[in-house]
Amino acid sequence: MSRAVVEPATRDRGRGAPPTPVAQWPGWRRWLGAIAGTTLVIWFFSEVFFVNVGDFFYGWSLREGVAQVLLGTAEAVGVWLLFYAFFVLWLLAAVVFFRVRSAWALAFAAAICGLAIEGSAIPIMYQEMPIALLWPAASWHVLVNVFVGWWLLPRVIETQPLGVVVGVFAALGAVWSLWATWFWPVGGGGSLAEHSLPLPPSDFAFVALIGGLLLTAGYTLLDRFGWGAPPPRPRALAAFVVVGALLTVLGSQFHAAIFFALVGVAGVFLWRNRVDETRPSLLAAPRGRSPTTNLAAVMAMPAVAAALYPLWYRLGVGVNAHVDLVVGAINVAAVALFAVAGTKLLARR
Amino acid sequence: MRRNDPHTTPVVVDDVVKRYASVTAVDGVSFAVERGEVFALLGPNGAGKSTVVRMLCGILAPDEGRLRFDLGSGPRGAADPLRTGYLPEDRGLYADAKVLPMIVYLAGLRGMAQAEAERRARAWLERFDLAGRERDRVDALSKGNQQKVQLIASLLHEPALAILDEPFSGFDPVNQDLVSRLIRQLRDAGTTVILSAHHMDLVESIADRVLLLHRGREVMGGTLAAVRASSGVARRVRVTLAAPARPDDVAALAPANVVARDGARVLDIDLPEGHSVGSLLHALTARSEVLDVHSEAPSLRELYLRAVGVDPEAADEVMAGGSDGARAADGAHGAGGAVAP
Amino acid sequence: MTHWRAVTLIARWEFLRFFKVRELLLTILFIVLGYTLGVPLFQALVGDRAGSVSVAVDASAIGADELLRGALRLLVESPEPLHPRFAFEWAAAAEQPEARLLAGDLDALLRAAPAGGLELVVSDGVPGWLQELEELLGTLVVPLRLAAEGVPAERVAAVLESVALEVTALEAGPQRGGLATTTLVVVALLMAVFTGTGVLFTVITGEKTQRVTEAIVSAVSPQAWIDGKILGTTLFVVAYLVSYATGIVLAMVVRGLFAGELPALPSLVTDPVVLLVTLVAATLGFGLWFTVFAAIAATVSDPTTSSRGQFIFLPGLALAVGFLGNAGNVDGALFRFFALLPFTSPSALPVRMMTTSVAAWEVLAALALLAGSVLLARRIAAQVFALGIHMTGKEPSLAEVWRWVRRGGAAARAPADAFPRRVG
Chain A
1 MSRAVVEPAT RDRGRGAPPT PVAQWPGWRR WLGAIAGTTL VIWFFSEVFF
51 VNVGDFFYGW SLREGVAQVL LGTAEAVGVW LLFYAFFVLW LLAAVVFFRV
101 RSAWALAFAA AICGLAIEGS AIPIMYQEMP IALLWPAASW HVLVNVFVGW
151 WLLPRVIETQ PLGVVVGVFA ALGAVWSLWA TWFWPVGGGG SLAEHSLPLP
201 PSDFAFVALI GGLLLTAGYT LLDRFGWGAP PPRPRALAAF VVVGALLTVL
251 GSQFHAAIFF ALVGVAGVFL WRNRVDETRP SLLAAPRGRS PTTNLAAVMA
301 MPAVAAALYP LWYRLGVGVN AHVDLVVGAI NVAAVALFAV AGTKLLARR
Chain B
1001 MRRNDPHTTP VVVDDVVKRY ASVTAVDGVS FAVERGEVFA LLGPNGAGKS
1051 TVVRMLCGIL APDEGRLRFD LGSGPRGAAD PLRTGYLPED RGLYADAKVL
1101 PMIVYLAGLR GMAQAEAERR ARAWLERFDL AGRERDRVDA LSKGNQQKVQ
1151 LIASLLHEPA LAILDEPFSG FDPVNQDLVS RLIRQLRDAG TTVILSAHHM
1201 DLVESIADRV LLLHRGREVM GGTLAAVRAS SGVARRVRVT LAAPARPDDV
1251 AALAPANVVA RDGARVLDID LPEGHSVGSL LHALTARSEV LDVHSEAPSL
1301 RELYLRAVGV DPEAADEVMA GGSDGARAAD GAHGAGGAVA P
Chain C
2001 MTHWRAVTLI ARWEFLRFFK VRELLLTILF IVLGYTLGVP LFQALVGDRA
2051 GSVSVAVDAS AIGADELLRG ALRLLVESPE PLHPRFAFEW AAAAEQPEAR
2101 LLAGDLDALL RAAPAGGLEL VVSDGVPGWL QELEELLGTL VVPLRLAAEG
2151 VPAERVAAVL ESVALEVTAL EAGPQRGGLA TTTLVVVALL MAVFTGTGVL
2201 FTVITGEKTQ RVTEAIVSAV SPQAWIDGKI LGTTLFVVAY LVSYATGIVL
2251 AMVVRGLFAG ELPALPSLVT DPVVLLVTLV AATLGFGLWF TVFAAIAATV
2301 SDPTTSSRGQ FIFLPGLALA VGFLGNAGNV DGALFRFFAL LPFTSPSALP
2351 VRMMTTSVAA WEVLAALALL AGSVLLARRI AAQVFALGIH MTGKEPSLAE
2401 VWRWVRRGGA AARAPADAFP RRVG
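Protein sequences, first through last, are from chains A, B and C. With my numbering as the guide, the letters of the first sequence map in order to residues 1 to 349. With my numbering as the guide, the letters of the second sequence map in order to residues 1001 to 1341. With my numbering as the guide, the letters of the third sequence map in order to residues 2001 to 2424.
In case anyone wonders, no lab produced these hints; they're calculated from the structure. In this text, a Cβ means the ideal position worked out from N, Cα and C, and glycines have one as well. Heads up, a few of these hints could be off.
Unchecked claim - Listed below are several chain A residues computed to face chain C (Cβ distance under 7 angstroms; list not exhaustive): (1) 178; (2) 315; (3) 317; (4) 319; (5) 324; (6) 325; (7) 328; (8) 331; (9) 332.
To be verified - Some chain B residues well away from chain C (every beta-carbon gap over 10 angstroms; in silico): (10) 1084; (11) 1111; (12) 1116; (13) 1189; (14) 1236; (15) 1279.
Said to hold, decoys possible - Lysine to aspartate or glutamate pairs mimicking DMTMM-like chemistry, simulated, CA-CA at most 20 angstroms apart: (16) 1098/B x 2023/C; (17) 2020/C x 1136/B; (18) 2020/C x 1096/B.
The whole structure should be built from the sequences, with the hints applied where relevant.
This is the structure in structure tokens:
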């Protein structure tokens, strides 16, 4: 079923040119949209939402000049997004090859993505074994990046009324403003103003703005161009797997064996899903077109985050003293998810 | 009474038994209800009607026997609650709730969407002369109006099967007529209706088939014509004589069953099938002077009372449900040890 | 309809039966007004005035010990009150200080004791501020005694200086909550749980009386019904708790704005993780206690005469364990046990987190045990509920209730499922 059946949306190519029906776009453009959109989303929740250390985040600071801001953005786009596109391909390849449609199968496909982020191109995952295999590879990336960022939120944008979308993203903004305090120094309070870490409120607002814009772009790309991408040709898939494996070996060297072993374990569960699942995958399944206002409502997240962050900054409110508790809770939730998902997949039929 | 064709019998009750600590409330009752008919369970208080109804709705479980439903299975093996409407015998309303929100809530539990439930509820309230009372508390309504609200809540979701336990309770004659018309309209719309009542005269005019219960057992059942035919009484004739009838006069009327009253001046005669009123009068007038004759088909009440061996003239206690079974069943439904081991 | 759709509908109904936005907003307004206006009023009435205890010093007292004389002169003749509670004046003999004492114009009279030293004369009884007065005199006399021993004035201050300790923490820890915060939290939990159990008791026994049971149970399973009741009641008391807490915080902020300085907010408010854990533990705890109580309420026949209403105090006794955190050792084995035990952890765990460092595994374990207990209690309670809601006229004995529980979950889905039934 093509999108044209749902709504004959078209793209206007300018005055005088007949509009191009979306449904007739070639598959490679859909794939480009899917990869670009997914990359922006996964990168956002991995790097921006999980505000990482760095005095000026990618150079996004009002204290620097416009040139520095542009350079930082170019670095983000050129380098980081390229890396993340590679990680995202692992996710999308797993989703389409194993026909991932249910939440249980998505858990294992998302785990492959998380393992790729932390342990393929760069051997980060292997530095604090064995817990690093779980956190953040198979917990944060699975639950936050993929489940919330890539699976749940686009559904909310697509199906819910504007008020609900604003509410959801505002709530996420509140959570973001609090989570951004996780790396504050011990003691908080009066010492905050003396450090470039943590980000001062103005810098955080700037980071939130640019990050929010890029996230909105990601959801727009996914919504307008990404969903409904046709299954790739087997040769293209095989080529990616080979190239991806080679790059992983290059990046992680002998650690790559751990990566492949874990991907293999996930693959066992996913193969059961492939055998039983008859519906098209999450990526291939057609979807409706989200209202533009709903896509714009994504900016409620950086707006609320930027509004609340100064309050925590002034009051010294933060989660930095309880990071281990939050991490522990996410890890426990992830383990529970894999236990349930694995049982469900193995028990089918 | 049993037809097991799944296409025409959405409800089949097969030899169900329900016991409480001190009494057997339902003892081997069987019947089948055809699609789109009005089926009445009749009997005095304590006959076991409400117990049967509660088993149909899944509130109680039979100790023996089976119940089968062809409406689509509900999650608990009882009639599918989304396609069944139930009017309880005891008014089950939240006294402190407002009328409209409560109706919408109860309809929501039967699967209706809120907006649609609200729209329909307003229409029903207007139909029952309760427009303007949407925001009143339930306990501010009269008993009759509360019963109307309960009826609306039971039928709002347009169930395929409506189970109404004592639907006429609390209503004056005008509203009883309203309910009777409502039940006919439900039948005409294709709804299968099972109703339980002790107002046999009211039910007589609307039921397609009946089942009469006494102390948990079936007494008689079927269409009204079949019930009358099975009783062996085609007409009831009351004859008033100028002079008391002699035993020979009464014997000459055989095989009609004769009850002499008022010093044998009034004869209540049950005329069997195949015997005409004319031949009866011919036999009577040959022997005595007839002052007055009144003939009618026997009422359900009279047939029931005769079937349980009670003189209709002295039937008040029976119809009031003064039996041990009635008291025990009512109390045992909630009493300690109510659940059979 | 799915089980959870039915639960949501029932929960919403139960919640809206009691949650009235207007009343809660009015309550918050009263709290804000009460705190903003009441606190200064209270202070003005009770303790704002310097010298709520008036003490007259008799001239004879001057003739006592020279050091005491110096201290007394300081007390009476100091231009600024040396203590906010006491006001001193010289007693004039003509004014008959003892008569003034008996008339209530004076609180006490200081004069020379017959055996030497000072005598405090009051109208009746031993005053509660006696120790404070003795300490005040002591702080004035000690420097004078040191000076009399020849200690130079500049050394006196050094001699009397207390030892200050500088604190260095190796790890980031939570902001410690004070006695007031932990007490408030436990009191709030108690209020909420009593409100919830009271609501449940009234609602369930009322529904039995009003015969609502049949109408509901014919539509949904008893498990769905009790789940919805518990969820709705829990959400109601949590909303009630949050709005009261919001009112208190707002009141503190408003009063702070009037005073020109933002108040130091309780640590519970400034530590979002502790706040979140407290809310989660409280919600799960309410769920657990309300589940137990719903089952008890379902077995009650007549609420006016039933003795089972006394169980309403059970949750209060369990949650009052939180007060022990102020009196005892929060790091001791007993309190740590209470912080893990599902019935007491809703109050003990937050108290621990507010007063000491709690390992992440302890928090996660406590919450997991709570959640598991709620799930187990829910199953058992539904069995009791399913049968108890039909019973009127007599209350089942505990043995009977135990028999129901042992019979298993069939009754909770519907009594009908306990018996063979073919659907066709």
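Inset, instruction - Could you tell me which of the hints above the structure violates, numbers in ascending order? - result: Checked against the structure, the hints that fail are numbers 8, 10 and 11, while the rest are satisfied.
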